[in-house]
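Heads up: the sequence lines are chains A and B, in that order.
Under this note's numbering, think of the first position of the first sequence as 1, with each following residue one higher.
Under this note's numbering, think of the first position of the second sequence as 1, with each following residue one higher.
Source of the hints: derived by calculation from the structure; they are not laboratory data.
One or more of the hints may lead you astray.
Label pairs and their computed distance ranges (CB to CB) [what the hints assert, rightly or not]:
1) ARG226(B) <-> GLU273(A): 49 to 57 Å
2) LYS60(B) <-> GLU145(A): 24 to 32 Å
3) VAL31(A) <-> LYS263(B): 36 to 44 Å
4) SER267(B) <-> VAL31(A): 52 to 60 Å
5) GLU248(A) <-> LYS60(B): 26 to 34 Å
6) GLU248(A) <-> GLU77(B): 15 to 23 Å
Calculated pairs, DSSO-like style, for lysine-lysine (alpha carbon to alpha carbon, straight line, at most 30 Å) [as the list claims (entries may be wrong)]:
7) LYS36(B) <-> LYS46(A)
8) LYS302(B) <-> LYS61(A)
9) LYS18(A) <-> LYS96(B)
10) LYS46(A) <-> LYS246(B)
11) LYS12(A) <-> LYS288(B)
12) LYS302(B) <-> LYS275(A)
13) LYS46(A) <-> LYS32(B)
14) LYS46(A) <-> LYS248(B)
15) LYS302(B) <-> LYS12(A)
16) LYS47(A) <-> LYS288(B)
17) LYS12(A) <-> LYS96(B)
Computed far set for chain A versus chain B, every beta-carbon distance over 12 Å [stated by the list, open to error]:
18) ARG21
19) THR27
20) ARG57
21) GLN73
22) GLU83
23) MET141
24) TYR183
25) MET212
26) ASN249
Bear in mind that the values here come from a model prediction, so they are computed numbers and not experimental data.
We put the CB at the ideal spot given by N, CA and C, even for glycine.
Each chain, written out:
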Amino acid sequence: MEDRSVIKKTYKLFIGGKFPRSESGRTYRLVNGEGDVICNVSQASKKDVRNAVVEGRGAAKGWGDTSAFLRSQIIYRIAEMLESRFVQFVQELTSEGVSPEVAAREVSEAIDLVVHYAGWCDKYQALFSSVNPVSSPHYNMSTQEAMGVVAVVAPEESSLLGVLSAILPVIVGGNSCVLLASYMMPVSAITLAEVVATSDVPAGVVNILTGMRSELLPVMASHMDVNALLLCSGEIEERKLARELGAENLKRVILRDDAALHQSPYHILDFQEVKTTWHPIGQ
Amino acid sequence: MMPSLPDLSQIPPIDQRGVEERAARIQTRSLKGEGKLAALKLAVSMLDITTLEGADSPGKVRQMCMNAMRPDVRAPEIGPAAAVCVYPSMVSVARKLIDKHASTVKVASVATAFPSGQAPLALRIEDTKFAVEAGADEIDMVISRGKFLSGKFEEVFEEIVQIKEACGDAHLKVILETGELQTFDNIRIASELAMGAGADFIKTSTGKVGVNATLPNTLVMLQAIRDYYRRTGRMVGMKPAGGISKAKLALQYLIMVREILGKEWLSSDWFRFGASSLTTDLLMQLRKQSTGNYQSNCYFSKD
Numbered sequence: 001m002e003d004r005s006v007i008k009k010t011y012k013l014f015i016g017g018k019f020p021r022s023e024s025g026r027t028y029r030l031v032n033g034e035g036d037v038i039c040n041v042s043q044a045s046k047k048d049v050r051n052a053v054v055e056g057r058g059a060a061k062g063w064g065d066t067s068a069f070l071r072s073q074i075i076y077r078i079a080e081m082l083e084s085r086f087v088q089f090v091q092e093l094t095s096e097g098v099s100p101e102v103a104a105r106e107v108s109e110a111i112d113l114v115v116h117y118a119g120w121c122d123k124y125q126a127l128f129s130s131v132n133p134v135s136s137p138h139y140n141m142s143t144q145e146a147m148g149v150v151a152v153v154a155p156e157e158s159s160l161l162g163v164l165s166a167i168l169p170v171i172v173g174g175n176s177c178v179l180l181a182s183y184m185m186p187v188s189a190i191t192l193a194e195v196v197a198t199s200d201v202p203a204g205v206v207n208i209l210t211g212m213r214s215e216l217l218p219v220m221a222s223h224m225d226v227n228a229l230l231l232c233s234g235e236i237e238e239r240k241l242a243r244e245l246g247a248e249n250l251k252r253v254i255l256r257d258d259a260a261l262h263q264s265p266y267h268i269l270d271f272q273e274v275k276t277t278w279h280p281i282g283q
Numbered sequence: 001m002m003p004s005l006p007d008l009s010q011i012p013p014i015d016q017r018g019v020e021e022r023a024a025r026i027q028t029r030s031l032k033g034e035g036k037l038a039a040l041k042l043a044v045s046m047l048d049i050t051t052l053e054g055a056d057s058p059g060k061v062r063q064m065c066m067n068a069m070r071p072d073v074r075a076p077e078i079g080p081a082a083a084v085c086v087y088p089s090m091v092s093v094a095r096k097l098i099d100k101h102a103s104t105v106k107v108a109s110v111a112t113a114f115p116s117g118q119a120p121l122a123l124r125i126e127d128t129k130f131a132v133e134a135g136a137d138e139i140d141m142v143i144s145r146g147k148f149l150s151g152k153f154e155e156v157f158e159e160i161v162q163i164k165e166a167c168g169d170a171h172l173k174v175i176l177e178t179g180e181l182q183t184f185d186n187i188r189i190a191s192e193l194a195m196g197a198g199a200d201f202i203k204t205s206t207g208k209v210g211v212n213a214t215l216p217n218t219l220v221m222l223q224a225i226r227d228y229y230r231r232t233g234r235m236v237g238m239k240p241a242g243g244i245s246k247a248k249l250a251l252q253y254l255i256m257v258r259e260i261l262g263k264e265w266l267s268s269d270w271f272r273f274g275a276s277s278l279t280t281d282l283l284m285q286l287r288k289q290s291t292g293n294y295q296s297n298c299y300f301s302k303d
């Protein structure tokens, strides 16, 4: 068995529940510290972003209408599937240059993070909604609603944890997302797509692209059918670009550091719209 | 022209696989840049913007007419569409508004017991006359598929001749309802009958059955138009309808028309799209071309 040639995996995109190659046919080569080729990764194009947004838009309504408890169960399922692939994730992170100890710790943290956010699905509404005092005979209530399609540019310097900490608050809140993974560490993002695909997350809720940020960030930021953009980057120019292009459709632009986000329900609030209802008292 | 029953023995059989393969090849084509921009604008000018619902109201029809006259309020240079297409009862509403604006948009009306055609011929002729008197420039009639499928070709032919007569000066589009004709050979025969009987346009579908316009069935009809033109020297128009909701697909139809019939047919006088939601996608693509940004349909009118 030692002699058999190992089957190398083709790392593809994740759009609408399917694993297509980039429509452009482009790939880029991922090389480790020793100069060995780890794998070829799809290099997404503008049109792949467009296709992913179409899928995200199609899935957003259904996912937003899914009951909070069911969303919670589905996201918990992601943790179960991650657990069963623990070794694979550690190996992949190691191949990208992370030490085995750090990799094992990162995967453990990632799984715990998923469980943490799974729990928030049916709780953030109670935390962030309010009954407001008004000087007329009305009940006045503010509740949170999903925004729709959120584009996420994952941290460059963090792989699995970076991706998960960015997309979980988005999907917990009932949004769909189009994620651009780290250029240099995209492998676990695509393996994560395989996890998502087998976790009962409806097709199109999570879409994962790999490619160049300089090419795709402007497309995500200027896309009129994207409701919000999460950019994990410390680069001044990138942040400026996101805000300028996002202004065209008054996109909500959330800027974070180039690192995994700390777990917090306030990240869920980043991608919610407040809906206020007036209801007459005594009717 | 005098109607003349086509010689059915001279109608060539259709190579089903050949037609499907040719249509599939057209689907791999893509227009870019200037060509795309021109084709998108052309497609808007060829739209028969349609509403054929039980819930149609005068308000909805007026709104649709405004859209047809100026499809994109932020880009007045786009459009107008070729026509609006409504039920006979809504013709007068559309006529009044379009005349008021002195627009070039035509008023088309479905008639002849649309969509099934299952009514006595006298009633179907009445239906046609009613629409013409109400001010329709164009009549979209349906053929009797039941008669056609039971082989009564001459009766079908005769019906079209009589409806054409009832149209007077109004242009006649004959809907073959290709989704119910079962074979490409039947589509070809029905095309020949309609053209022989005096149709100004032949049209694929009502939009009310499972299969509406497709590239292959349109291809068969375009070939029939080409052969008829070579035989008689008379140009007949083509209108695919139903199921064309994306700009990309619409442009592929235009490519096919250009390939089979030539440039002369690339105008709203000879080619139309029967559609409702296609308008939005064409406008979104045009806006994408002018701004460079991918668009959202929530910034465009639905009706």
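Here's how the hints hold up against the structure:
A beta carbon spacing of about 55 Å between ARG226(B) and GLU273(A) agrees with the range 49 to 57 Å that was offered as a hint. Separated by about 29 Å at the C-beta atoms, LYS60(B) and GLU145(A) satisfy the suggested range of 24 to 32 Å. With their beta carbons about 53 Å apart, VAL31(A) and LYS263(B) fall outside the hinted range of 36 to 44 Å. Distance hint check for SER267(B) and VAL31(A): the Cβ-Cβ separation is about 56 Å, which falls inside the suggested range of 52 to 60 Å.
Evaluation of the 26 to 34 Å hint for GLU248(A) and LYS60(B) yields a pass: the beta carbon distance comes to about 31 Å. Between GLU248(A) and GLU77(B) the beta carbon distance is about 21 Å. The supplied range of 15 to 23 Å therefore holds. Restraint check for LYS36(B) and LYS46(A): the C-alpha separation of about 18 Å stays at or below 30 Å, so the hint holds. The hinted pair formed by LYS302(B) and LYS61(A) meets the criterion: a straight-line CA distance of about 18 Å does not exceed 30 Å.
For the hint linking LYS18(A) to LYS96(B), the alpha-carbon distance of about 51 Å lies beyond 30 Å, and the restraint is violated. Simply put, LYS46(A) and LYS246(B) have alpha-carbon atoms about 19 Å apart, close enough for the 30 Å limit, and the pair holds. Simply put, LYS12(A) and LYS288(B) have alpha-carbon atoms about 27 Å apart, close enough for the 30 Å limit, and the pair holds. Using a Cα cut-off of 30 Å, the hinted pair LYS302(B) and LYS275(A) holds, with the two alpha carbons roughly 25 Å apart.
The suggested pairing of LYS46(A) with LYS32(B) holds, with an alpha-carbon distance near 15 Å, which does not exceed 30 Å. Using a Cα cut-off of 30 Å, the hinted pair LYS46(A) and LYS248(B) holds, with the two alpha carbons roughly 17 Å apart. Distance check on the hinted pair: LYS302(B) and LYS12(A) sit about 36 Å apart at the alpha-carbon level, beyond 30 Å; violated. The suggested pairing of LYS47(A) with LYS288(B) holds, with an alpha-carbon distance near 13 Å, which does not exceed 30 Å.
Under the criterion of a C-alpha separation no larger than 30 Å, the hint pairing LYS12(A) with LYS96(B) is inconsistent with the structure, at around 57 Å. Annotated as non-interface, ARG21(A) keeps its C-beta farther than 12 Å from every C-beta of chain B; the closest such distance is 17 Å. Against the 12 Å criterion, THR27(A) stays outside the reach of chain B, whose nearest CB is about 22 Å from its own CB. For ARG57(A), the requirement that its beta carbon stay farther than 12 Å from each beta carbon of chain B is not met, with the minimum near 8 Å.
At the 12 Å boundary, the C-beta of GLN73(A) stays outside the reach of chain B, the nearest C-beta of that chain being 31 Å off. Every C-beta of chain B lies more than 12 Å from that of GLU83(A), the closest at about 38 Å, which supports listing it as non-interface. No beta-carbon of chain B is positioned within 12 Å of the beta-carbon of MET141(A); the least distance is around 26 Å. No Cβ of chain B approaches the Cβ of TYR183(A) within 12 Å, the least distance being about 22 Å, so the stated non-interface status holds.
With a cut of 12 Å on Cβ distances, MET212(A) stays outside the contact zone with chain B, its closest approach being about 18 Å. In this structure ASN249(A) is not separated from chain B by more than 12 Å, as the shortest Cβ-Cβ distance comes to only about 7 Å.
Hint compliance for this structure: hints 3, 9, 15, 17, 20, 26 are broken, all remaining hints hold.
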